[in-house]
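A.B. asks: Sequence:
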Amino acid sequence: MSDERRRNQILGLLFVGVLMAALDIAIVGPALPAIQRVFGVDERALSWVFSIYVLGNLVGTPTIAALSDRFGRRALYVVSLSGFALGSLLVAIAPSFPMLLLGRLVQGVSAGGVIPVASAVIGDTFPPERRGSALGLIGAVFGIAFLIGPIIGGLLLLIGWQWLFLINLPLAAVLIIFSLRLLPGRTRQSAATFDLAGLIVLGLMLTGLAYGLTELDPARLSNGSLPLPAIGALIVAFALAPIFIAIEQRAGEPILQPAIFRSRQIWITAVLAIGAGIAESAVVFVPALLTAAYGVSSSTASFMLLPVVLAMAIGSPVSGRLLDRFGSRIVVSIGVALSGIGMLILSTWPTSLVAFYLAAVVSGLGLAILLGAALRYILLNEVSANERAAAQGLLTVTMGSGQLLGAVLVGVLAATGGGAVAGYALAFFVIGIVMLLLTPFALALKSRSAERATAMAHAH
1 MSDERRRNQI LGLLFVGVLM AALDIAIVGP ALPAIQRVFG VDERALSWVF SIYVLGNLVG
61 TPTIAALSDR FGRRALYVVS LSGFALGSLL VAIAPSFPML LLGRLVQGVS AGGVIPVASA
121 VIGDTFPPER RGSALGLIGA VFGIAFLIGP IIGGLLLLIG WQWLFLINLP LAAVLIIFSL
181 RLLPGRTRQS AATFDLAGLI VLGLMLTGLA YGLTELDPAR LSNGSLPLPA IGALIVAFAL
241 APIFIAIEQR AGEPILQPAI FRSRQIWITA VLAIGAGIAE SAVVFVPALL TAAYGVSSST
301 ASFMLLPVVL AMAIGSPVSG RLLDRFGSRI VVSIGVALSG IGMLILSTWP TSLVAFYLAA
361 VVSGLGLAIL LGAALRYILL NEVSANERAA AQGLLTVTMG SGQLLGAVLV GVLAATGGGA
421 VAGYALAFFV IGIVMLLLTP FALALKSRSA ERATAMAHAH
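Start counting the sequence shown at 1; every next residue gets the next number (UniProt numbering).
Bear in mind the hints are in silico, worked out from the structure with no lab data behind them. C-beta atoms are modelled at their ideal positions from N, C-alpha and C, and glycine is treated no differently. Where hints are given, some of them may not hold.
[Unchecked claim] Quick list of simulated restraints, FRET-style, between CB atoms:
| no. | residue 1 | residue 2 | range |
| --- | --- | --- | --- |
| 1 | Ser447 | Gly232 | 41 to 49 Å |
| 2 | Leu228 | Leu46 | 22 to 30 Å |
| 3 | Leu169 | Pro229 | 32 to 40 Å |
| 4 | Asp3 | Phe326 | 40 to 48 Å |
| 5 | Phe71 | Thr351 | 50 to 58 Å |
| 6 | Leu228 | Ser47 | 17 to 25 Å |
| 7 | Ser96 | Val284 | 38 to 46 Å |
| 8 | Phe261 | Thr348 | 36 to 44 Å |
| 9 | Leu228 | Phe261 | 30 to 38 Å |
| 10 | Thr439 | Glu4 | 34 to 42 Å |
Could you put together the complete structure from these sequences and hints?
C.D. replies: As structure tokens, this is what we get:
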């Protein structure tokens, strides 16, 4: 089999795997009313169907990414797919709501390994001049998932909400078979002791961060009331950070190599990833603005987001090709600027339908760049082969933290601005300004020639 054909088969395998994980986010929404009815839970408890998945994803991502750097991509990708199938089965057969949440947690942890390992495999198998295009195709998966997710979800609901999760079992089985055939196995041996202490502290730190940000109630914050459990969890998370750094500096083979943080390029990428997460979470609140501004139903408001999804689905592979041609500095700067401008257009003319669709396309193209290939492309070029998955995991964690932070930020600003149209307009204005303030960070990235030289150095 030629190298080119094998690379294309690997790319197809990774595409379907990431699509499965992305679809599980996109199609779970239609199942929520049925889940609430079956288990008799209130809206606050029901929100944990999403939140516990995010929590598991944050904890699982750096863990599985680091393990794949040590034990090989194939083994950890298969473990991730198997865990995702197990979590799906637990959700589908759950006799109680806590058991359903356990299944979602297992899904979230397992899905945390799918994307960073897939990105690392691209770095392992594709030459530097082809990585942008490959990552762009993987990035387009999320736009595709949100396009077809509601349709698939609606069809599966006709035979029962459990089938939204049971469908993952045969799909995961096929992916596992092809993963065992196509993916590279363990490529290096290590005599160093595994960094178990670092893994435990990192897990506790990310759990505290995810729980704290998830449980911060924007309504209570805007009224000056402090949710003490959430504040306590955040304090624990920040207190554990210096302990984690100290452990990593002494570990023979740390979960996150301290050398990674000596790169200015990686620090800049982490900041941009937090901003991208904030902007992404803001889009989730756009239907609330549309409902308030135009009096449409929630389902109609969600359908009105189609231009954002289409722009992301088209923009991600295009931005991947641009990365290969022009490098990350120009492409990321454009992405940050478009995201900020789109938010400002939406906040300035919140009741104009023409302005909304313009903002939707502009923001969608900007997010396609930031959430698709660009930031992952930077990290693949910046680190050595045995740090690729860990670096991708770091990116997912920083972006996920930005998503949680953005949800709290939008909620607080919307409440502060009086709610309804004015409140959400204020929130989108502030986030638009935040994104534009990130432009100097994007312009501080390496030039294309310097970036390519670094990638070639790490390749050898």
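A.B. asks: Enumerate the violated hints, using their earlier numbering and listing them in ascending order.
C.D. replies: Per hint list: 4, 7 violated.
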